[in-house]
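Add chain B to chain A, keeping to what the hints say.
Going down the list, the sequences are from chains A and B.
Last residue of the first sequence: number 781 in the UniProt record's numbering, and the count goes up by one each step with no gaps.
Last residue of the second sequence: number 781 in the UniProt record's numbering, and the count goes up by one each step with no gaps.
Simulated from the structure, these hints should not be mistaken for lab results.
Take the hints with a grain of salt, since some may be wrong.
No distinction is drawn between identical chains; accordingly, a pair holds when it is met within one copy or between any pair of copies.
[Unchecked claim] With a straight-line Cα cutoff of 25 Å, these simulated DSS-like cross-link-like pairs (lysine-lysine) come out:
| no. | residue 1 | residue 2 |
| --- | --- | --- |
| 1 | K437 | K261 |
| 2 | K51 | K348 |
| 3 | K694 | K598 |
| 4 | K562 | K505 |
Number of protein chains: 2
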Amino acid sequence: MKINQFAQRRDVSLQQMQQELAAVGFSSTSNQPKQLLWHFLQRTHWQLQSKAALLDHLSQFLATPTTTMQQFFTGPSALTTNIFTLLGLELLGFQAGTDFQTETPQASWQKLGLAPLPAITDAATLQRAWYQLLTTHTPTALTYLDLLASQGYFNQPQFDHHHPLYFNGKAQAVFNVRDFHYETVFVETDFDSDGDGQNDLLKVEITRPDAVNPVPAVYTASPYDQGVNETLGEQLTHDVNVDLQPKPTSHFQPQAPTPLKPGQNHPVHGHTNQATLPHDPHPGYTLNDFLLPRGFASVYAAGIGTIDSDGLQTCGDPYQTASTIAVIEWLHGERRAFTNRTDGITVKADWCNGSVGMTGRSYLGTLAIAAATTGVPGLKTIIPEAAISSWYDYYRENGLVVAPGGFQGEDADVLAGETFSRSLRSGDELRTKTAFKDQLIQLQTGQDRETGNYNQFWDDRNYRNHDQRVRADVLLVHGLNDWNVKLSNAGRFWQDIQKLPISKKLILHQGQHMYLNAFPSVDYSDIVNLWLSNKLAGVKNEAAQLLPEVLVQDNVAPETWKAQPNWLTQAATTHPVRFNHDHWTQAYDSTQFAVFCKHPDHWETQLLDFSNPQLDSHRTVAQLDLNQDLTINGTVRLDVNVSSDQPVGLVSAILLDVGSARRLQPAPTVSAPRGLPLGYQWYQDDIREFQLEKFPSDHKIISRVHLNLQNRTSPATTEPLELGQFYPLHLAFQPVYYHLPKNRQLAVVLYATDFLMTTRGNQPINYHLQPALAHLQLPQQ
Amino acid sequence: MKINQFAQRRDVSLQQMQQELAAVGFSSTSNQPKQLLWHFLQRTHWQLQSKAALLDHLSQFLATPTTTMQQFFTGPSALTTNIFTLLGLELLGFQAGTDFQTETPQASWQKLGLAPLPAITDAATLQRAWYQLLTTHTPTALTYLDLLASQGYFNQPQFDHHHPLYFNGKAQAVFNVRDFHYETVFVETDFDSDGDGQNDLLKVEITRPDAVNPVPAVYTASPYDQGVNETLGEQLTHDVNVDLQPKPTSHFQPQAPTPLKPGQNHPVHGHTNQATLPHDPHPGYTLNDFLLPRGFASVYAAGIGTIDSDGLQTCGDPYQTASTIAVIEWLHGERRAFTNRTDGITVKADWCNGSVGMTGRSYLGTLAIAAATTGVPGLKTIIPEAAISSWYDYYRENGLVVAPGGFQGEDADVLAGETFSRSLRSGDELRTKTAFKDQLIQLQTGQDRETGNYNQFWDDRNYRNHDQRVRADVLLVHGLNDWNVKLSNAGRFWQDIQKLPISKKLILHQGQHMYLNAFPSVDYSDIVNLWLSNKLAGVKNEAAQLLPEVLVQDNVAPETWKAQPNWLTQAATTHPVRFNHDHWTQAYDSTQFAVFCKHPDHWETQLLDFSNPQLDSHRTVAQLDLNQDLTINGTVRLDVNVSSDQPVGLVSAILLDVGSARRLQPAPTVSAPRGLPLGYQWYQDDIREFQLEKFPSDHKIISRVHLNLQNRTSPATTEPLELGQFYPLHLAFQPVYYHLPKNRQLAVVLYATDFLMTTRGNQPINYHLQPALAHLQLPQQ
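Next comes chain A alone, as it looks inside the complex:
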């Protein structure tokens, strides 16, 4: 086990430590370190009723390899750094013999990655050490103080449960979950997206602590939140076994945006100081639930087109963005909300301090980016995880229809149908079906699966057009193995915001399309806590200085996270690569084609198994042995000349890590289901971690790229394709951060149809390379 903490403040003065310790119940009652430690242990074991009970309990812990803490406290020995360290490891819950050695506690402490403890010489150094112990991580992805809080520590009557409490710069779980308010309000927009004549109302569900003073809000906009119409989504899913069609020459020029259609406001009949409609309590996003007892309100809205709200689902257009920020405008005091949909009673967000942070993964994080690119006041920070920054980069690539991994046939219309949860309520469905049918036709025309080109539809859904408006600080999180929302979404957004006068941080983990909570190896929840305590509650905790600009999880060593100076700014070196064939073909025989359509994973396995010649005519491979330990940081490019013997063509490429090794498994392993408590008598999450594969694998995909030969210049530009003419292609792979150890090689595989992602026109197209020599541009750390 290795612990990597980035949000642990160590530059705290003794005086401040003492103040903070006293505030969380650890006053300095003695000048004797041993007596003071006893006092502290009485506090952390407040449930035990007597000295005898505590001593009996301490008999379960060791002071030295051969004596217990009970013997220590009943004997004459003085407190040493060794004794404190051993006790600390035990209190934190690390396991003797597995996580640490009782003979060498200090070396074990260091090996676990924990910050060195001060040498204990007096009461002051014990206080320092104790302060640090409280902020050190347990094996359950919590600090020791958080763990105590989850056991009811702050539930003791002497603590104030209605004001926030910050320790080591982070909000502590002092608010009583039994006092939470569960409220629903309906925010009124300025637009009428469903054409019923009235401005759309949006249901907003608020869970908030019972606080004396206004609290910050963490807001998650989730179109999925009110349910998903899977049946409609399946009905709309497109057949991907369609031929690539020749496209006329074109170049897209963006038009001025169409203004949103206004409707009538709802009549107002009164005002109340308090919301009257509750909502059903249920666990949400772990991060929000973690923050709730720590004094942050958690706000969810599903937006237009969802149950109990008005409007039609649009998948990423300006109506959806306006719907997303309407909630922020209400939280910030600039928009009206009602207590219900009919009675005209308005209600303000008086409980909110006007500071909003947005969280969420995938579509949810996407809407955080959408909101931030409007510059809406009140939105102080966004924490988008695995978020889309341009919908073209989600459903298209270089003039091709390219599905998000695992979702062949999905498109903007499918997702709109799936998340149009109003259709799940049959009365609503009856009243909206005509309007939504029209909406779907517009979406289908606009998304234009026939060409795959970048057009006005996609430009309307490209949040990066407005990146310069971003005023919110950004904590961006993305998985380096995410083939659902691909890394170009994070990469291009990250590059765009570099010059803005905002604070920005990036975390790249080894996950696929997943949340980063609940990994013991990294203090992600603390990072967010530190960040939001600073951004939303104004706590001076030097979050910007403390957190690294770019935090990257290593793909070779498990549980290893490293601060890095940058991403995507490295200059590339050029390496010639020689492909083993100078031609390949698109069409498979019909039996093979049918099998691969059904089992695209079998196709990928065969494609990447170079010892199996079966797919030799469908691929060309170049291997590159750099014979050095290499870290690729950024966008790898392949320069290559390719021809097609048809007026259409597509090129796909995979960048491969080749060599037998036990790599990290693609999905994390749950080590303790519900093992992570988010507060006292509150929700839990599953603790997980990436483990190494049980047996070595032969290769791993580093990156991919796909391109329509007619869009060799740009997704917005279509050019003719002359038969047999060689065109220079500059294939930009999805950006990466990849550690390739010395004993492994790079390979590039060129092919046509990607059964997992592209359309699958089984067309008799033959491709040629000229010459077999090409160049790979590698940005190295």
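Chain B alone, transformed into the frame defined by chain A:
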């Protein structure tokens, strides 16, 4: 979607329905069915503040395919059965177009498997229909009333939160989870298993509702509950690549049991009426958590050898059984407990009505069987799921060391080490390591991996020796695909208790080693609720009459559960089977052997792929086409004559279902993570269901058997094995309940080493059949 409800009482008089309806807030305020329905809907939508808000909400639901419920209530139409049924489907949460058709609500209702609604002609029939709707299942594995409760329905002030409330014979979630008591006590035993001179104390963690009158207790004894020492378990795990050794002739005779060693009692210094030490609230077994807000206390104890308790871990011996029932004796008022381990203050379980039910899966359910076979007073019922009834049947089979599926090398000593959680606390570990080392030596000697024979060690761990003492009613649950705890454990226990004067029910599902909660297709939680309301709270709900004797999930049609008259009582028919080879060999070439040891799943795939000749010399196969739709109910036996050319030998056999078909997937699919609320502001579980395989599979294992040729008569009897001598074997497969459709065949595969389960002596043993003809005895339904 198909719903199968077995715990829905339909034989309730109108008068009783009216009384029960009034008690849960649905009084008869009108003689007009339409007005009464409006009143009921106001009650179920209590959060909405006005008539306008309810009407607006009802606009989301249909009354007919073309009119909404809002239009219905503002128009002149009368209430019809069709309108009620359509509304019912919508209120329950079924999905129009997917789960039901708006044009034909009554046919949809029936197709979903829901009990027919009465025709609505007046207020009384509406009450009947409403009563039934409240007891009907939603798609989330809850009744509609349970769903309302999870949304806070019973949290309204007019309901009593301190007395149980029964509706339709089942306890309702009226207790407020905020009022729960979390208590820890230490029960004193009469024995000293760790030799420290004092009687062992056992930590017991209680969670209980705040009730005016004493409540029943649901008790789960879980040796895992305080943590698991995985490192120790791994260290103890045995090498299974060991040769089978010739065994001397022997026959086991059981000895009189050794009495438990008594120790000193703990001094008593006082008494208190209330426990003073809390415990950390966290989710437990779903079933217990489901029962808690319904008025049942949930009690957990990990028993001897676990953290905060005394004693050494024993894996199934009489000390562990005594430790398990000590808790029941305290709950039943016949044993002492202390508020903590040191202060000598006793505390009674005054909050308990003395009626205890035991729940739990695997080891946990095993200890329920252990307790029941003592006949301990107060234990009114047990609900063992996937439980062991004799530890020999868990770690051994017919004179062979046979591992539980997936746990090669595990044995009683390994499990004892794993669950000796005291060793996780380094102070405890220091003090107990010598004693536990001796304990391990005793376990290792006793379990005798060298012979695999049934001996005194296993006889001490055979709860079925005492089956005749069982006085608790039994609701037995087991997965028909459980290869961890094999079905002989359930089967033999079930057979033993048939003649006892107790109530007994059996549920066989299509799962592996899993819990049956949270499957929408069957009302398992209701069954348990009905059962425990009857057994522990004395509610006269005719549980014994209402629930089927044997409930079996079909293995062909998904979501299909059928009442069956019996299990294991069918007479068998004999079918000649002809094997395709008359000899096979045990030894593999060393490369192949190494691969199969590493990937035993590859071995199984090849063994069962008859088109692949690679393992032909290691197996002999008989296929049997009965050309009929067949249900095998019970124990299949194979009569066959086998010889070995060595003085040792083992025979393994697999009974196979052959034929291309989409079968149920082996593991359930989670359809809604945390989608099942267990109460209001309480825990959730993941909703899951077995789905059909995406693509057809070629075969499926129905059952297995393994036998040491020296134990051909009995596990307790070792006989010599003459080289080349043919012995008649009567191989009894693990009992099954299996539906084999007409277009599929049976096959029997005979082989030696089972890489997944037996030891793997790669010995040059050759086996012969004489003649190739053998007989299969099939108990058919």
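Okay, the hints, checked on the actual structure:
no. : hint        : result
1   : K437 - K261 : within (19 Å within a copy, 79 Å between copies)
2   : K51 - K348  : between (52 Å within a copy, 23 Å between copies)
3   : K694 - K598 : between (28 Å within a copy, 10 Å between copies)
4   : K562 - K505 : within (13 Å within a copy, 58 Å between copies)
In terms of the numbered hints stated before, the structure departs from none.
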